[in-house]
Amino acid sequence: MRVTNSYVGKQEELKWKKVSTRKIKDKIANGLSYVVLGAMIAILASIFIYILNAGASHVTWKMLSTYGNTSSGGVLNAIVGTWMLVGMGLLFSIPPSLLGALYIVNAKSNGTISMAARLFTDVLTSVPSIVIGLFAYLVLVIKFGMGLSLVAGGLALSVMMLPYLLRIIEISFRNIPKEQIENAYALGADDIRVASRVYLPQAKVGILSGILLAVSISAGETAQLIYSAGFNNALPTGFLHSEVAYLTYVVWTGINEPTAYSHYVAFASAMILILSVTGLIIISKYIVRRK
Amino acid sequence: MKASNRVFNFFTFLMAIVPAVVLISIIVFVLYYSIPSIRYNSWSFFTTYLWNPGFQFQAPIMKHGVLAPAGSAFGLDLFLIGTLSTSALAILIAFPVSFLISLNVELYLPSKIKKVMISMIELFAGIPSVVYGLWGIVVLEPLLFRNVEPWMAQHLTFIPGFGGEIYSGAGLIASGIILSFMIIPIVTSIIVNSFDTVPMDVKDGLFSLGATKWEVGKYLMTSYSRASTVGGTLLGLGRALGETMAVLMVSGAVTNILPHNFYSAINTMAAAIASLLDSAFTDSTGMNLAALAELAIVLMLISLTVSLIGRKIAGRGVLRGYESD
Amino acid sequence: MEEKSVEKVEKIIEIEKLKVETKDKVILDEVDLNIFKNSVNTIVGPSGSGKSTLLKSLNRLLDMDTSMDVSGDVLFEKRNIRDFDPVELRREIGLVFQKPNPFPMSIYDNVAFGLRIQGKKLKKEDMDKMINQALGDADLYEELEGKLKQSGTSLSGGQQQRLCIARALVLRPKVLMFDEPTSALDPIAKGKIVDLIRALKQKYTVILVTHDMNLTRRISDYTNLIYDGKFVAKGTGSEFFESEIEEVRTFLEEAD
Numbered sequence: 001m002r003v004t005n006s007y008v009g010k011q012e013e014l015k016w017k018k019v020s021t022r023k024i025k026d027k028i029a030n031g032l033s034y035v036v037l038g039a040m041i042a043i044l045a046s047i048f049i050y051i052l053n054a055g056a057s058h059v060t061w062k063m064l065s066t067y068g069n070t071s072s073g074g075v076l077n078a079i080v081g082t083w084m085l086v087g088m089g090l091l092f093s094i095p096p097s098l099l100g101a102l103y104i105v106n107a108k109s110n111g112t113i114s115m116a117a118r119l120f121t122d123v124l125t126s127v128p129s130i131v132i133g134l135f136a137y138l139v140l141v142i143k144f145g146m147g148l149s150l151v152a153g154g155l156a157l158s159v160m161m162l163p164y165l166l167r168i169i170e171i172s173f174r175n176i177p178k179e180q181i182e183n184a185y186a187l188g189a190d191d192i193r194v195a196s197r198v199y200l201p202q203a204k205v206g207i208l209s210g211i212l213l214a215v216s217i218s219a220g221e222t223a224q225l226i227y228s229a230g231f232n233n234a235l236p237t238g239f240l241h242s243e244v245a246y247l248t249y250v251v252w253t254g255i256n257e258p259t260a261y262s263h264y265v266a267f268a269s270a271m272i273l274i275l276s277v278t279g280l281i282i283i284s285k286y287i288v289r290r291k
Numbered sequence: 001m002k003a004s005n006r007v008f009n010f011f012t013f014l015m016a017i018v019p020a021v022v023l024i025s026i027i028v029f030v031l032y033y034s035i036p037s038i039r040y041n042s043w044s045f046f047t048t049y050l051w052n053p054g055f056q057f058q059a060p061i062m063k064h065g066v067l068a069p070a071g072s073a074f075g076l077d078l079f080l081i082g083t084l085s086t087s088a089l090a091i092l093i094a095f096p097v098s099f100l101i102s103l104n105v106e107l108y109l110p111s112k113i114k115k116v117m118i119s120m121i122e123l124f125a126g127i128p129s130v131v132y133g134l135w136g137i138v139v140l141e142p143l144l145f146r147n148v149e150p151w152m153a154q155h156l157t158f159i160p161g162f163g164g165e166i167y168s169g170a171g172l173i174a175s176g177i178i179l180s181f182m183i184i185p186i187v188t189s190i191i192v193n194s195f196d197t198v199p200m201d202v203k204d205g206l207f208s209l210g211a212t213k214w215e216v217g218k219y220l221m222t223s224y225s226r227a228s229t230v231g232g233t234l235l236g237l238g239r240a241l242g243e244t245m246a247v248l249m250v251s252g253a254v255t256n257i258l259p260h261n262f263y264s265a266i267n268t269m270a271a272a273i274a275s276l277l278d279s280a281f282t283d284s285t286g287m288n289l290a291a292l293a294e295l296a297i298v299l300m301l302i303s304l305t306v307s308l309i310g311r312k313i314a315g316r317g318v319l320r321g322y323e324s325d
Numbered sequence: 001m002e003e004k005s006v007e008k009v010e011k012i013i014e015i016e017k018l019k020v021e022t023k024d025k026v027i028l029d030e031v032d033l034n035i036f037k038n039s040v041n042t043i044v045g046p047s048g049s050g051k052s053t054l055l056k057s058l059n060r061l062l063d064m065d066t067s068m069d070v071s072g073d074v075l076f077e078k079r080n081i082r083d084f085d086p087v088e089l090r091r092e093i094g095l096v097f098q099k100p101n102p103f104p105m106s107i108y109d110n111v112a113f114g115l116r117i118q119g120k121k122l123k124k125e126d127m128d129k130m131i132n133q134a135l136g137d138a139d140l141y142e143e144l145e146g147k148l149k150q151s152g153t154s155l156s157g158g159q160q161q162r163l164c165i166a167r168a169l170v171l172r173p174k175v176l177m178f179d180e181p182t183s184a185l186d187p188i189a190k191g192k193i194v195d196l197i198r199a200l201k202q203k204y205t206v207i208l209v210t211h212d213m214n215l216t217r218r219i220s221d222y223t224n225l226i227y228d229g230k231f232v233a234k235g236t237g238s239e240f241f242e243s244e245i246e247e248v249r250t251f252l253e254e255a256d
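Protein chains in written order, with my numbering: chain F, 1 to 291; chain R, 1 to 325; chain D, 1 to 256.
If we strip away everything but chain F, and leave its shape as in the complex, we get (with noise of 0.2 Å):
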């Protein structure tokens, strides 16, 4: 075999680009890569400090001790409103999305089943809020007779939580070794064996994490629960047909009315959720770093 030996005399010149000017752009890109990134930085941190400082130089006591709306008294019945409904919408979407996520990875279910079902999780997570907000209206509040109530938010904020879970769910099922689960098929072991012997052990801490990154979610949403939940200004007496309070509802509306006590309150919820929310996200991310 021979190299064609074109170096010398034929081939063509060729010239390099300067590497200054090459240079000069890379240091370009990564000058104003960090000042994007410092600057996002800096933009989350003034709002983690406004809204912690005008939350924490408002809030007493009495208002996290006694329920009223935004112009009077205090959050605790958004307080417990919100938690209530967050339990609720657990209720409603754990069930599903557990045993669903059981059915798609079961090797032996239908596989056009269990991709239809991925598919319509997918679309289902890109529902707008207020849509499921105006459905819940329409369909459980009106047309099902439920009223504004805990169940009618409940159920709206699942509509969100059920796509989500599923998938978290999904996923810390797929983690779990192959080996694991073919094993305890081979020694006989039927599907509810498997299911609550290997998958529900194996994948806790995905599922405790998701279900946290859930929580964490649905406390910050609002527009499902504008017309499903309503208002109140103490807590629920029922299931049904009793408005139910919550800290984003305070957040909204206090704003917005001119009072500087109603403005208080809002700064106040803002910074119960704020602290809720990101303690959430935290200790989430924690448990599945600590495994």
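Just so you know, these hints were derived from the structure itself, not from any lab. There could be a bad hint or two in this list.
[Unchecked claim] Computed cross-link-like contacts, DSSO-like style, restricted to lysine-lysine with a CA-CA straight-line distance of at most 27 Å:
id, chain 1, residue 1, chain 2, residue 2
1, F, Lys15, R, Lys218
2, R, Lys213, D, Lys19
3, D, Lys203, D, Lys192
4, R, Lys218, R, Lys115
5, R, Lys2, R, Lys112
6, F, Lys17, R, Lys213
7, R, Lys213, F, Lys18
8, D, Lys11, R, Lys203
9, D, Lys37, D, Lys99
10, F, Lys178, F, Lys108
11, D, Lys11, D, Lys201
12, R, Lys203, F, Lys25
13, R, Lys2, F, Lys178
This structure is a prediction, so every number in the text was calculated from the model and none was measured.
Once you have looked at the hints, place chains R and D on chain F.
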């Protein structure tokens, strides 16, 4: 197979189709409730920007076989313009920012603090939208109104739409900025994930040919990560199109007045549904409610299509972080 | 065993007391080595002995890895590689990887990549010529003539590896480094790479990292055995295989 196992499997099947049942019922019910509006407004729903609830205390009128308040007319143009323009501005800000952040954490930032920085950026997605709205009202709007927009209106008059009066700070610019904060973490995490999936050998290969980091980043962006970037941006866009509360709080939420310039108050489809639903209850003919349902259908159609295309383009792999982390 | 027989050959790279370490491990322990021009310089040794790290420190790819601490000197054509810009250095010293790593673009674009980022104002027809020459030098031109629009990843393993060689050759490097270039290939593809490397030394200096002693016997001009971050034997091809140094004997026995 034991009966109990069969029952269990059937039950898991039922639960797996819940998302499909929910999605289909949302579409079917909202569409069903919008039928009166579709009949009443016909094509004018798409050709006018006026949204007039009509006179509640006059006798309702009958048109195309449906009852509606006298003088009522419903058109989505104003809201559609608002939705598209706020989302477009959000993407215009979010895309370069996300690209530069991804470039930074992948190539320039010491790898030790990469994870911390990504987690910080992801926190943007965790802030509830009403908190963004609150911050927008008390911090961003005054800042825009007092400092930024006067300067823009004075110095950027050569760009059409940047001259003229300033309103309150609420409007397209405030909405676009806040929406961009909400979608930057989505777009960033998808781009970062796709950069991470590029084999180490290929990155080393690029560097071995003498490429600078910027050249490597630019190349990865236009080859390996092109699909994920486009898909991720579309997913972010889908999110921005449907965002309600923050935009409701900082857009000015106008009806019936088209924006004159970039500083005008605007409104979006999602925000309009949230703000107009209250008064729609009082309409005994139900036409106002039906018109909002029709608005919801159009909004859902746009945002689902955009998200679905984004998902398809990006592929499932790189969406992992965005969905589970 | 000193390098008596090789004194007349020009050295292109001189490595002096090169040390590479991470926080808890010394990878290269103050190694000295000369690379001779227009020869196949082979570095053999068990896996994990620091061979690949040595290659990556020669084109300063190791600089990217902040966990690695590099000290000592490497002279390329009598000039310290620290005085080069990495971008220029990597143009002069090409690297071909163990696993073929073509970029997901056409064959043409794969080879053109280096020219596009480094070359100044290239006319289309000049670029075409240079790409054809590089493909020719990598013994790919005849196989791929007229197929340059095909994706680089659609080629067979051996062709991909030669494409990666062409991609490096188009920048007209002085030194071409190969990191176990045949270990991922079948025997026929391997044979072609071996012939190619032998031919390439007419124009380029070749540094070959391998643990394949058959390959070394066939093409190596200078063979250097590295063990745990240190060179234990250096010599011309025949000297090396006849060496009485204990590590060489053990290594050769284990390799066979």
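These are the hints, each one checked on the structure:
1. Between Lys15 of chain F and Lys218 of chain R the CA atoms are separated by roughly 23 Å; this keeps the pair inside 27 Å, and the hint holds.
2. About 26 Å separates the Cα atoms of Lys213 of chain R and Lys19 of chain D, which keeps this hinted pair within 27 Å; it holds.
3. Restraint check for Lys203 of chain D and Lys192 of chain D: the C-alpha separation of about 18 Å stays at or below 27 Å, so the hint holds.
4. For the given pair, Lys218 of chain R sits about 22 Å from Lys115 of chain R by alpha-carbon distance, which is consistent with the 27 Å threshold.
5. Restraint check for Lys2 of chain R and Lys112 of chain R: the C-alpha separation of about 53 Å exceeds 27 Å, so the hint is violated.
6. A C-alpha spacing of about 16 Å is found between Lys17 of chain F and Lys213 of chain R, which places the hinted pair at or below 27 Å, so the restraint holds.
7. For the given pair, Lys213 of chain R sits about 16 Å from Lys18 of chain F by alpha-carbon distance, which is consistent with the 27 Å threshold.
8. Distance check on the hinted pair: Lys11 of chain D and Lys203 of chain R sit about 30 Å apart at the alpha-carbon level, beyond 27 Å; violated.
9. Among the hinted pairs, Lys37 of chain D with Lys99 of chain D is consistent with the structure: their alpha-carbon atoms are about 26 Å apart, no more than 27 Å.
10. Distance restraint check for Lys178 of chain F and Lys108 of chain F: the Cα-Cα separation of roughly 14 Å lies within the 27 Å cut-off, and the hinted pair is therefore satisfied.
11. A hinted pair counts as satisfied when its Cα atoms are at most 27 Å apart, and Lys11 of chain D with Lys201 of chain D qualifies at roughly 14 Å.
12. For the hint linking Lys203 of chain R to Lys25 of chain F, the alpha-carbon distance of about 19 Å falls within 27 Å, and the restraint holds.
13. Of the supplied pair hints, the one linking Lys2 of chain R and Lys178 of chain F holds, its CA atoms being roughly 24 Å apart against a limit of 27 Å.
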